[in-house]
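Chemist: Here is how the chains run, residue by residue.
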Amino acid sequence: MAGRAQIPTKSSALIAMIADEFGVVLLCWDTVTGFLLAGVGNVDLRRKTNYLIVDSKTTVKAIEDAFKEFTTKEDIAIVLISQYVANMIRFLVDSYNKPIPAILEIPSKDHPYDPAHDSVLSRVKNLFSAESVASGRR
Amino acid sequence: MMEDQEEKGNAENGIGRQKQVKDEYLLQFLDSLDGYLTLLDSLSSTLSQGWLELASARHAMGASRINGALLDLKVHAAATSLKVSEQDVDSMESQPCFTLCKWASSDNGERSSGEEKSLSPQLRHRNNSQLSEEKVSTRTGTPLILVDQQQRQKSLSVFGVLVSPKLRSAQLSFERALETLVEIANLHTTMLSMFEQVHKELENTNG
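Just so you know, the sequences run in chain order A and B.
Just remember that this note's numbering sits 8 ahead of the position in the first sequence, which is counted from 1.
Just remember that this note's numbering sits 214 ahead of the position in the second sequence, which is counted from 1.
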């Protein structure tokens, strides 16, 4: 059928993670550790992992590169990103519009989830506020 | 005159049907948005529980037994993965549908068949008994998910042979979080699809 977008089907796809753990004291990688315990960790033949632990030394460029890498890999279906980290690369996250991999912003230990910053929800909010302005003018 | 009235009636019916379709899209969008926010709230609670259990495990086992140096960087495939299938929304659109495959590594079948050949009958019986089945749901038609206890144990063994019960609880909490995340991902795609429909309808109305 003309104009129908093709969704690539996969029988075994990965979940990638970009999670933040900021802290001074100990063990700042709880979110990634927890999901690795749940079995989502993957290390390929080139010793590349499907996760990036973001700490105080991680640069914005490194996060951007990891985001671009995970969103272009064919074997990744969902990318989990801490909302706090997503805010550092907000422009990149907001301009992403492919169905796969799906980008899910999750809370981190020190930064609870804020719906106002969610990429999809802010797009919805902009649409309805633009619509109410337009209908007001009419 | 009768013909004019008939045409007017048909036009009104057409407009009524269009409005019905628009309302339907809007309702579906709002439903998926509500579901999305509810699941995110549930995810936050589950993750908080997991973090607390992880912190308790670290307190019980010691910081040296739970730290970044222990992360398994040897080549290995993910034991928990996703299956992506195509779901038809209407004749012009399809959207991805995610299904979680817990503890179902790709080489599981090979390994178990290999082990069956080499093991004695008694050991083979013990190996099979370690595989347990968890029914996710039979009413909704969701298929049975085979949970490999050996894979779960292997994931824990990165932190040593004897681990705190809190670490096992943390593992279960994060597994629950993964299930919630897959539901969120499916709602996310539905929400985006409905959002596009509503956006198109609004543009048509304004245009």
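These are computed hints drawn from the structure, not numbers from a lab.
Quick caveat: nothing in here was measured; it's all calculated off a predicted structure.
Some hints here could point you the wrong way.
What follows is a list of derived Cβ distance ranges for each label pair [claimed, not checked]:
1) A/A124 / B/L285: 32 to 38 Å
2) A/N95 / B/K288: 32 to 38 Å
3) A/P120 / B/L376: 33 to 39 Å
4) A/P123 / B/M215: 25 to 31 Å
5) B/V289 / A/A70: 35 to 41 Å
6) B/M216 / A/S103: 43 to 49 Å
7) B/A277 / A/P123: 50 to 56 Å
8) B/K368 / A/S130: 38 to 44 Å
9) B/E238 / A/D73: 28 to 34 Å
10) B/T252 / A/N134: 37 to 43 Å
11) B/A291 / A/R131: 43 to 49 Å
Within a straight-line C-alpha distance of at most 25 Å, the following computed SDA-like cross-link-like pairs (lysine to any residue) qualify [claimed, not checked]:
12) B/K297 / A/K133
13) B/K380 / A/P120
14) B/K233 / B/T419
15) A/K106 / B/K380
16) A/K76 / B/H290
17) A/K56 / B/L247
18) A/K133 / B/H290
A virtual CB, placed ideally from N, CA and C, is assigned to each residue, including glycine.
Chemist: None of the hints should be skipped; say for each whether it holds.
Modeler: Consistency of the hints with the structure:
{"no.": "1", "hint": "A/A124 / B/L285: 32 to 38 Å", "in the structure": "holds, 34 Å"}
{"no.": "2", "hint": "A/N95 / B/K288: 32 to 38 Å", "in the structure": "holds, 34 Å"}
{"no.": "3", "hint": "A/P120 / B/L376: 33 to 39 Å", "in the structure": "holds, 34 Å"}
{"no.": "4", "hint": "A/P123 / B/M215: 25 to 31 Å", "in the structure": "violated, 56 Å"}
{"no.": "5", "hint": "B/V289 / A/A70: 35 to 41 Å", "in the structure": "violated, 23 Å"}
{"no.": "6", "hint": "B/M216 / A/S103: 43 to 49 Å", "in the structure": "violated, 57 Å"}
{"no.": "7", "hint": "B/A277 / A/P123: 50 to 56 Å", "in the structure": "violated, 35 Å"}
{"no.": "8", "hint": "B/K368 / A/S130: 38 to 44 Å", "in the structure": "holds, 41 Å"}
{"no.": "9", "hint": "B/E238 / A/D73: 28 to 34 Å", "in the structure": "violated, 42 Å"}
{"no.": "10", "hint": "B/T252 / A/N134: 37 to 43 Å", "in the structure": "violated, 22 Å"}
{"no.": "11", "hint": "B/A291 / A/R131: 43 to 49 Å", "in the structure": "violated, 35 Å"}
{"no.": "12", "hint": "B/K297 / A/K133", "in the structure": "violated, 31 Å"}
{"no.": "13", "hint": "B/K380 / A/P120", "in the structure": "holds, 23 Å"}
{"no.": "14", "hint": "B/K233 / B/T419", "in the structure": "holds, 10 Å"}
{"no.": "15", "hint": "A/K106 / B/K380", "in the structure": "violated, 39 Å"}
{"no.": "16", "hint": "A/K76 / B/H290", "in the structure": "holds, 23 Å"}
{"no.": "17", "hint": "A/K56 / B/L247", "in the structure": "violated, 35 Å"}
{"no.": "18", "hint": "A/K133 / B/H290", "in the structure": "violated, 42 Å"}
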